[in-house]
Amino acid sequence: MNDPKTRLRRTMMFVPGNSPKMINSADIYGADSLMFDVEDAIAITEKDTARHLVANALKTLKFHSETVVRINHPTQTPFGMDDLKVILPSKPDMIRLPKVEDVSEVQLITDEIEKVEKENGWPEGTINIIGAIESVKGLYNVREICQQPRLIAIALGAEDFIANLKTQRTKTGIELYYARSQILMAARDAEIQCMDTVFSDVKDMEGFEREVTNSRDMGFDGKSVIHPKQITAVHRIYTPNDKQLTHALKVLAAFEDSLKNHKGVLAVDGKMIDGPIVVRAQRIVDQAKAAGIDVEKKREEI
Amino acid sequence: MKNAIGRDIPAHISGINNIRLYEGAGVYKPEKSGAGKKLRVGKPHTNKILQSIDEAIEKTGLKDGQTISFHHHLRNGDYVMKMVVERIAAKGIKNITIAASSLSPCHDFLIDYIKDGTVTALESSGLRGQLGKYLTRHPEALQKPTIIRSHGGRARAIEAGELHIDVAFMAAPTCDRQGNATGRIGKSAFGSMGYAMIDAAYADNVVLITDNLVDEPVHPYSIPQTQVDYIVPVEEIGDPAGIASGAIRITKSPTQLLIAKYAAEVMEKTGILKEGFSMQLGSGGASLAAAKFIREKMEAQNITGSFGIGGVTGIFSEMLKDGLFKACYDAQTFDTTAVQSLAENPNHIEISASFYANPWNAGPIVNDLDVVILSATEVDLDFNVNVITDSNGVCMGASGGHSDTAAGAALTIIVMPLIRGRLPMIRDHVQNVVTPGNDVDVIITERGIAINPKRTDLIEKLSNSGLPIMKIEKLQQMAYDFVGKPDEVQLSDADKDIVAVVEYRDGSILDVIRKPLV
Chain A
1 MNDPKTRLRR
11 TMMFVPGNSP
21 KMINSADIYG
31 ADSLMFDVED
41 AIAITEKDTA
51 RHLVANALKT
61 LKFHSETVVR
71 INHPTQTPFG
81 MDDLKVILPS
91 KPDMIRLPKV
101 EDVSEVQLIT
111 DEIEKVEKEN
121 GWPEGTINII
131 GAIESVKGLY
141 NVREICQQPR
151 LIAIALGAED
161 FIANLKTQRT
171 KTGIELYYAR
181 SQILMAARDA
191 EIQCMDTVFS
201 DVKDMEGFER
211 EVTNSRDMGF
221 DGKSVIHPKQ
231 ITAVHRIYTP
241 NDKQLTHALK
251 VLAAFEDSLK
261 NHKGVLAVDG
271 KMIDGPIVVR
281 AQRIVDQAKA
291 AGIDVEKKRE
301 EI
Chain B
1 MKNAIGRDIP
11 AHISGINNIR
21 LYEGAGVYKP
31 EKSGAGKKLR
41 VGKPHTNKIL
51 QSIDEAIEKT
61 GLKDGQTISF
71 HHHLRNGDYV
81 MKMVVERIAA
91 KGIKNITIAA
101 SSLSPCHDFL
111 IDYIKDGTVT
121 ALESSGLRGQ
131 LGKYLTRHPE
141 ALQKPTIIRS
151 HGGRARAIEA
161 GELHIDVAFM
171 AAPTCDRQGN
181 ATGRIGKSAF
191 GSMGYAMIDA
201 AYADNVVLIT
211 DNLVDEPVHP
221 YSIPQTQVDY
231 IVPVEEIGDP
241 AGIASGAIRI
251 TKSPTQLLIA
261 KYAAEVMEKT
271 GILKEGFSMQ
281 LGSGGASLAA
291 AKFIREKMEA
301 QNITGSFGIG
311 GVTGIFSEML
321 KDGLFKACYD
331 AQTFDTTAVQ
341 SLAENPNHIE
351 ISASFYANPW
361 NAGPIVNDLD
371 VVILSATEVD
381 LDFNVNVITD
391 SNGVCMGASG
401 GHSDTAAGAA
411 LTIIVMPLIR
421 GRLPMIRDHV
431 QNVVTPGNDV
441 DVIITERGIA
451 INPKRTDLIE
461 KLSNSGLPIM
471 KIEKLQQMAY
481 DFVGKPDEVQ
491 LSDADKDIVA
501 VVEYRDGSIL
511 DVIRKPLV
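Chains as they are written, first to last, in the UniProt record's numbering: chain A, 1 to 302; chain B, 1 to 518.
There's no promise every hint is true.
[Said to hold, decoys possible] The calculated DSBU-like cross-link candidates involving lysine-lysine, where the alpha carbons are at most 30 angstroms apart (straight line), are: (1) B:144 / A:297; (2) B:38 / B:144; (3) A:62 / B:261; (4) A:5 / A:289.
[To be verified] Facing chain A, according to a computed beta carbon distance under 10 angstroms, are these residues of chain B, among others: (5) 75; (6) 252; (7) 255.
These aren't lab readings, by the way, just hints derived from the structure by calculation. This structure is a prediction, so every number in the text was calculated from the model and none was measured. Every residue, glycine too, gets a C-beta built ideally from N, C-alpha and C.
Chain B on its own, in the form it takes in the complex (with noise of 0.2 angstroms):
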């Protein structure tokens, strides 16, 4: 079955229910209602603080088959979901899905456990180092398919009920006796809980571990008591090297700063640069430095944005605290100077994923963007975006807020360099689409810039701007002219060997990822 950017979806994939195929942004309207939280009693004077991560599995009740999740607010320093799933693997309960909100290298440990039958499923917002690599050469290692969801598309799926979580095994940096946690101090601080709180509300059971259990009521708090039933105090919650980066800088690479002066110029000349405008910068070298050059046009032009969404960097912040932006919404906190900002900084709003990007609810943050600038391990030339599978085909990246940001913002930029390596980035067709082409308005290169042809106002508004405007067919040969055109990655056809589905943000299938032939 071709889906509506003509992928071809198969009619079945074993593992996966209720296939409904992309048919385009905003098209499918649900008519259910959401899911809601389990109701419990809450006792008077009860002790949620336990001894062990093996009394929280005791005490949830976990059993085989059943789901549990985890944030990736600890990033590469996480050591919570490896305290968890040992002890689980230990008690010798099986078949376990792992909804995580993303997965990063210090995940590879999982392949163990896939290999002896603790996990046998996977969710997340990408897959990478090791265990993407190894799930991609064996997706047979797991039940079914695992499943790729955009952060806003996760939030979704866990408030409309297609996600159901039966434990949520959540690190805190702090939290107090009673289970009201932040991420904005602590040893292991890393802001903004945003994809927890998500888990949070809507898990059977949710279990705080925390290296930084105090006392005192903890406010403001990200996560309320309400909704948490057992605590694990533990030494060390992550390795803070890995967490938050010091102060992210600006690249220092001419490529990808011109690439960045690009963008900041094609913002200014489409008139999207204007008083009270509102932006988000994908992590990225050159989506990142577009900041540098945002900020000195706004400063020359004595411009105030409305706010900015993040993601949020140090970068990002000091914008913030030297009143070029009003407010800044922050699902995810990425470096010492952004946590320290959300701390102190009044107009620095932490948010839930939910707020941040999900489709369903009545106004996501992501809908009221005016720009956003991401980049892209690839495109084609139907401008869709490739973020998650490398050039060979092996899962390397995750969906993150791709496609949500793409969806919402009025403009959408991609930043990328026209060849990696010994290849062109602009495909025929993407090896596998995240974002769809038609969310996609404007691709930026060091060699030039070519506007989605349904753009015809930008076009207009960019042709005499005096910036490489092009094709993107012209783009690509330039690329070829370079370093030739590359064979196509052979493709496993077969249903076994599907290793991951990508779902749009609205639940629909946008896309599969299957194992190459190499």
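Just chain A, with the same shape it has in the complex (with noise of 0.2 angstroms):
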């Protein structure tokens, strides 16, 4: 099983929670995650029913992707604390807590799934949260936030978070430049990953590269994705190019190396090697095999 703190997370698409089609075919398009929204893409009225359906499409169908459920904020609207106790037992691998403004919050969640877990003979960690953040207050709040042991990812929800700054969503992302660096800021502190905000403009596939580009630049872990035709570009600005790879992987032999023969300071290249270097080397190795590259090939190449 993929360790729920180190695995890809390129990708993870919103599936509206009240569409069984889109729900049955979600799973097709390669999304390293999936997140069903019962909260902002459900009407008040249809909320029961996106909170059952998802609820009896986890248990009934088997996602190969990693499966999370965005709730209603359990204590700003009165459905959040009905959504976990429908979708708790069905096991998703995480929550997605919205808008979050305090380490409260991301504490009421941690107590209701633990409850669960215990109830179920589930190791605790069986699901984990993920946590957005969608108001300024949030922001303030990051750090505490991203140090709490149960959320092991944070997110930018941007089109809350722009209402709040009283803007508006540009091409150049200027008005999230803050948001996004403190954002990451705090998840690296906190050694968790970091999402970056959607792109609503699905017909705009160059300015999505170009959004996906930068947040991948600056150090994001993936990208929230609306429509699936945005996967595939998501993927490609992900996977790691051939000089990456390669050094990536003498680094990992290198490090294999050194544990074997009890050898000291590494170095590959002329270059020192460390902890956080090999770490990234493997998270190189992970996007290229994701990706389709055939490692084990280039490997024995080198």
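Make the complex out of the two chains shown on their own, each in a separate frame, by following the hints.
Spelled out as structure tokens, the structure:
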């Protein structure tokens, strides 16, 4: 099983929780994570339908991708706690806590998860949490939020955030620059993953690819997507090039060699390597494998 | 009697002579010579222009029990069949066989003329719309089952003399006063006249019906004046909205696009996608969409194809224009972009249905296909394909060039969703076979790809491709896991309840369509 803390999350695709058709076919497009939404995509009159539909889908269908359910906020709305009651027993891999502003909210969800894990005899950590920062208040508390043990990833939810900022999305992304940076720093400090926000203009693939490239370069682990056609582009952008893969494989080989032969300081191509470089190398190899590159063949070539 | 694919065919079918069972592709070898055109004396300075369809009916001497033919290039916009059949009925002529290259929902009016005995037999590529429903429910309304032929099979039947046409009523978007006709220009332009060419060449009488009679000689022509007896000018031969759609666009459905992407990857990884390759794409969403991904790969790898065949759409004619293929053979033109291409691009070549796919000539172009990508309404564990009846056993589709191209192509790919609505599309046995599984190599769905076990070469090439290759039984089980296994449709086994006979392209009987007991 993939370690939930380190597994690849290049893409997290939103799937409306009230559409059986979309839920059924969500798994075929190759997104690393599927996020079934019972929150903003669902009208108030449909909340209970979506909640039960998603829970039953999780129980009945075998999803290859990681499963995430975006619940309604547990204190700001009357639906969130009911969502948890119905959703948690269906064992999603993660709960997405939207509009998180305070550590107490993460704690509340953690308690609910722990209760269900115990009741079902599941190991602790079966279900984890991804939080979404969607307000200035949340952003101010993001460092503390990221330190919560059940929270293994943090995301930026830009649509509410920019409404809060009283501005709008631009192609340059200048309005989100500070929030993106701040959330990333907090995530890296807490050693958890960080997901970038959605790009809503599905027709503008050029703008989308520019934004994904930028967020990759900033350091984000992946992108939230709202349409299957965005997945291929993100995965392509997150696919390491030949030079990166070759170097990563050399790093891993040198690391393994040092473990086996109890060597001290390591160097690859004349440059010293240490722990974080090995972690990064492993991530590059994982990305290459996920992109369908024959890594073993490459390893033999080196 | 069971044929080579195990379908039960009655030894006697009322109204069908010389039943020959399907033995396999290319097994039966004809030993006779083909039919010829009835000879006639064209008198100097004859005026072929008639005042009305009534006059054409009179001059051709059409009478009870004869066979008339139509082509389907006007698709769902066709006015010609209706205007002709109405006048035949008005004259009290009965017991007519209509041999159309295909039938569309615009031909639902035929139900009335079947009820009054004007039309008593149909031969077509398919049955659709209300007519399909009506005949599925009331096979006794006709004197014999409808004969379903592929496009190549129809050309073969005409050339072999098995389908004799007394009068061909051919819609012509433009013709001159001598009868040289083209579909490239005119307000009802539909492009290639590929199906009409065969009727014109073999029918005892040929009547052109046109809404653009011109004084100047028409050239290039698809039908020559030497084959044309009469010309009837009319206001309109069709509804432009139903004839050719504007530019057909690539589907936006993510599932269809995923299937299309897999199809292009299968082509690439089996080595078919190479310099000088040839292909045909069916007109369904996913098969057409494969063009997008094939194009991307051709451009990235600097590959130029040899030729494409169609059913030509603007999507393909643009590839031709951009130099990705050297030629395009066109028996039927699907959209306005492709019609324009046929008129303007010398490498866009109009061909007859016989050139396209007749298995009984020295070399139809389908025999030179490297790959064809086709749709299906359902398939089965033996890779047989049904494109004619729906899940309730009702006639709703057409054979078209499906079995022709599948037989000719080196690689036949079927693209279809694994599940439609609540129904799995991989059956134990398809309701009806239009293309035998022997001619089908790969079935691609959004959840997995099955390779015909007979193609061990393909299994070897694709097994480590990263594509979701699996046994067809596993793919079927995957569908059952979602939606369960549906009950079989119960069919009548009474001989009087045979709705249609599906001929293989060589004229042998592949299957019979039986009335569902609903």
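Results for each hint:
Taken as a hint, the residue 144 of chain B and residue 297 of chain A pair is broken in the structure, with Cα atoms around 63 angstroms apart against an allowance of 30 angstroms. Annotation: proposed proximity of residue 38 of chain B to residue 144 of chain B holds, straight-line Cα distance about 27 angstroms (limit 30 angstroms). Among the hinted pairs, residue 62 of chain A with residue 261 of chain B is consistent with the structure: their alpha-carbon atoms are about 23 angstroms apart, no more than 30 angstroms. Our distance criterion of 30 angstroms between C-alpha atoms is met by residue 5 of chain A and residue 289 of chain A, whose separation comes to about 18 angstroms.
Annotation: residue 75 of chain B was flagged as interfacial toward chain A, and the flag is violated, the nearest CB pair being 30 angstroms apart, outside 10 angstroms. Proximity of residue 252 of chain B to chain A holds as hinted, the smallest CB-CB distance being about 9 angstroms (cut-off 10 angstroms). Taking 10 angstroms as the C-beta contact cut-off toward chain A, the hint placing residue 255 of chain B at the interface holds, the least distance being around 6 angstroms.
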